Amino acid sequence: MLTDAERLRIEETFALYESRSASAVDGLLIIQQSRGWVSDEALADLAQFLAVSTHSLESLASFYSMIFRHPVGRHVIMVCESVCCWIAGSAELTAYLNDRLSVGLGETTADGRFTLLPVVCLGACDRAPAMMVDGRLHGPVVAADIDSILSQYP
Amino acid sequence: MMDKSTPADKPLTGHLRADGRPLGLGEYVKNGGYGALRKAVTSMASAEVTDVVTQSRLAGRGGAGFPTGRKWGFAATGPDYAGAKYLVANGDEMEPGAFKDRVLMEGNPHLLLEGMAIAAYAVGAATAYLFIRAEYRKSDQIMRRAIAEAREAGYLGKRIFGSGFDVEIIPHSSAGRYICGEGSALLNALEGERPIPRHKPPHQTSAGLWSKPTVVNNVETLCCVPAIITNGAHWFIDLARSGEGGTKLYTVSGRVNRPGAWELPLGTSIRELLEEYAGGMRTGLHVTAVLPGGGSTGFVLEKDLDTPMDEASLRQVGSRLGTGTIIVLDDQTCPVGMLHNLEQFYAQESCGWCTPCWQGLHWVRELLGDIEGGRGTMADIGLLQWHVDLIKPEHTFCDLAPGAMQPLESGLRHFYSDFVAHVREHDCPRRAAGRRWG
Ligand SMILES: Cc1cc2nc3c(=O)[nH]c(=O)nc-3n(C[C@H](O)[C@H](O)[C@H](O)COP(=O)(O)O)c2cc1C
Ligand code: SF4
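Chains as they are written, first to last, in our numbering: chain A, 1 to 154; chain B, 1001 to 1438.
If you are wondering where the hints come from, they were derived from the structure by calculation, not from laboratory data. Predicted, not measured: the structure shown is a model, and the values here were computed from it. Heads up, none of these hints are tricks.
Below 20 Å or equal to it, Euclidean Cα-Cα: the simulated EDC-like pairs (lysine to aspartate or glutamate) are:
1. B:K1030 x B:D1009
2. B:K1039 x B:D1051
3. B:K1212 x A:E18
4. B:K1039 x B:E1168
5. B:K1303 x B:D1418
6. B:K1138 x A:D134
Build out the structure end to end from the sequences listed, making use of the hints.
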């Protein structure tokens, strides 16, 4: 079931477009903001609310890289893999985080604190290598700063 | 820095705050902001606005360089048309190497809103969407706040400056994927459809968003508009060092001393950007080549660095202006590795609609991975060339895949010996060049 607050926020977007189905991406983002991810059940509830088929909504949810269809940790770290960050050592940065957090890309730490994901591009080429934690940009990231960055996300 | 320009020479960034915070509405208005919108809606017919923009030679800054005024003209309808029209600002900016639109949205949000409102007036749209990519959270917050401020102050909404013109700007936060920046995929995204490109024709200017006449313009393109209306077409043309009008928000990234963004006359040379603005290469590194206009443009070699950064000049050295966002390849970075990274991006971001792209780019990525990893053969290099020859405009449904071939085509031409060395030595000859990060 969608919560009343979610329904209200999604309804507010109806007036922005010519059709209710256009609120699909807004709806997915609103659900994700309140729950961290979009479960099968939430997806079906949203589809019903927007009067679209579950299949077509799933074809959107799975297309967009920032819609999480699996549970994630309390904080999501995204390491930029774009060419400028690669030149500045993003592969080494990822390897360092793999080691420091004992997780691979796409995995969540055992304590549920961090999920580590790759991202194709953060648009922060002037701050390479860059990473984003919960929507906040960090960069250029150096090894010596990693612990203090992570400590901001308990 | 040797920069002697005044704010008047930099219509996009001249008034940016030194502390990096966004220019507020009060400061923006104090510097003449929203004066161009007032002038347009109170003293010019919409066709006149389009004419001035056409005369200014403003060309799209989103990568394709299409003349802006001409595009607006295509959306003109006869007096009988009573339906809706739309203007869309494309802030999806996901081209590898590009971050210029972020600088504009974070630093001068009202400039974009004013440009959008004027463009909406010129094309007859009462609704304008601002499409913002998912990762630009800060831009998103700043733009939403600015829209509320401008509405409150009456610069957006009903009967702007007492004229008969109404306009609303609606921000749309996206959820990832490079293809959403392709104009027609972006319209599908706004409609809540799967964001794959649409067939053309019909063109968006006749049947776009919800099948209504629609103009899609890049954020930087729209930011150029207010100053053109205020100062006129000739002033804008004279800003450039070459025949193409205006300034350009260039960026430089890679291992230079000061990666960043600078607004300079169109036609500024690559060398000037690298040396005077980006502060040259970091100690111990030398420039080998640059991708002058983002990931979908061809390499320009060190010997051609005096080339002016404009469309005509870059074409002469086999490349394109693209988004005007320079990525530097240094002598300790492997060109094969760089191409592998780029093609990985394009293969992953292929929307999957047409076979030459989703199949072809995955093969290209695999081949490059094998060659970079020392497992490649001379036949693999031949196969790469074969893909370059086949993945062309007209062979694919949109320009993503042909764009992806531009760095590869030029890379095979300029760095052929690097490819061969990987095959012969069964390893990357530059692997020893050492750690990049730590
Ligand atoms: C794969 C692909 C991605 C694109 N991404 C963007 C983008 O992020 N921003 C943009 O303004 N244009 C992008 N474009 C170009 C748009 O299709 C379109 O030409 C542009 O938004 C028009 O605006 P302009 O004429 O003002 O440049 C992209 C094109 C392709 C093929
Ligand atoms: S070229 Fe690629 S991105 Fe473009 S329509 Fe075809 S599959 Fe999709």
